[in-house]
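Protein chains: 2
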Amino acid sequence: MPRCRYTESMFLTRRFKHCPSCGGQIQYQVPADDNRERACCTVCGSIHYENPINVVGTLPVWGDQVLLCRRAIEPRHGLWTLPAGFMELGETTAQGALRETDEEAGAQIELQNLYCVHNVVKVGQVHLFYRARLLSTEFNPGPETLEARLFHEHEIPWDEIAFHTVRETLQRFFEDRRLGRDFSLHSADIG
Amino acid sequence: MPRCRYTESMFLTRRFKHCPSCGGQIQYQVPADDNRERACCTVCGSIHYENPINVVGTLPVWGDQVLLCRRAIEPRHGLWTLPAGFMELGETTAQGALRETDEEAGAQIELQNLYCVHNVVKVGQVHLFYRARLLSTEFNPGPETLEARLFHEHEIPWDEIAFHTVRETLQRFFEDRRLGRDFSLHSADIG
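Chains A and B supply the protein sequences, listed in that same order.
Quick note on my numbering: the first sequence kicks off at 5 and runs consecutively.
Quick note on my numbering: the second sequence kicks off at 5 and runs consecutively.
Heads up, a few of these hints could be off.
Listed next, the in silico EDC-like pairs over lysine to aspartate or glutamate satisfying Cα-Cα at most 16 Å (straight line) [claimed, not checked]:
#, chain 1, residue 1, chain 2, residue 2
1, A, Lys-21, A, Asp-37
2, A, Lys-21, A, Glu-54
3, A, Lys-126, B, Glu-179
4, B, Lys-21, B, Asp-68
5, B, Lys-126, A, Glu-92
6, A, Lys-126, A, Asp-37
7, A, Lys-126, A, Asp-38
8, B, Lys-21, B, Asp-38
9, B, Lys-126, B, Asp-186
10, B, Lys-126, B, Glu-54
11, A, Lys-126, B, Glu-95
12, B, Lys-126, A, Glu-95
If you're looking for bench data, these hints aren't it; they were derived computationally from the structure.
Since we're looking at a predicted model, the values are computed, not measured.
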């Protein structure tokens with residue numbers, strides 16, 4: 005997750021003050037054909053919408069081990085995460101998940117099914133994790149990662165996992181594996 | 005889909021000219037710790053990210069019929085769609101799908117599984133459709149809908165479907181039903 009731009013206080017910090025089109029003053033009000041407050045320009049009249057964004061990532065697996073990355077950036081510097089980050093314009097969810105896995109872990113993978121869709125309402129995010137098969141155990145972490153390594157289930161540093169959605173994805177994976185389930189889609193709402 | 009704000013030309017139309025924080029001039033450039041162009045303010049230095057957004061909706065089913073809505077708004081006025089619209093801040097994907105089904109069709113439903121996740125890269129959108137069980141056949145369409153009605157498979161107006169992702173979702177549903185499959189998650193990349 006490359007940047008620290010959306011935090012728990014995002015509902016305050018991301019609010020518009022000026023119109024991105026004309027620079028005029030923004031006033032939050034309910035437009036005529038709408039039912040909620042929007043960023044409306046008092047000069048040119050344009051309306052600017054704010055919507056949840058997607059975080060896309062992977063759960064890379066090698067035998068009975070999974071790949072985690074230790075974060076070199078805030079938030080949660082030093083804690084462990086699955087490779088993931090903000091989905092960009094011009095890519096699919098799968099392409100974004102592959103890109104983040106390359107950028108953060110330098111890991112070669114084969115993407116499998118979309119495994120987890122987790123809503124994190126309080127920060128306006130949806131986290132989508134794909135299962136992935138590691139093609140090698142050589143990793144080449146980027147600048148956002150201190151260390152990338154494989155973990156057996158009993159080695160997972162549960163108290164040092166960076167994000168709720170990562171913990172949820174890992175827990176579900178080990179549970180599915182233990183019960184011989186087929187790793188079908190898991191949805192959850194987080195906090 | 006309530007508003008016509010994201011069209012095929014969105015990559016041009018949504019680009020920032022002024023900084024939403026200070027109103028200063030925006031210049032698109034690659035920030036020091038990044039690898040793609042962002043909207044950077046030449047005055048206050050803040051960076052404004054643009055990401056894909058989610059459209060959430062449902063495939064409401066009554067026996068062997070499905071519910072479609074005829075659009076009262078552009079784009080695709082007069083064409084048929086599943087109830088769907090832009091996901092809002094403060095809600096989950098499921099809550100958004102329920103809300104849109106209420107707003108566009110006035111239909112009472114019980115939400116089932118997340119059924120389709122379709123990437124529409126050229127407009128920077130991800131469309132998520134849930135299967136839903138209709139609890140009654142009384143509909144109360146909102147102002148964005150000319151008509152809401154049930155269709156048997158052979159009645160579907162395939163040439164008058166508003167969006168590729170709706171057609172894809174319907175085709176998959178009838179195929180799954182014909183083959184006795186379990187309606188597990190379907191992913192596709194559209195156009």
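Query - In rising order, the numbers of the hints this structure does not comply with - result: 1, 3, 4, 6, 7, 8 and 9
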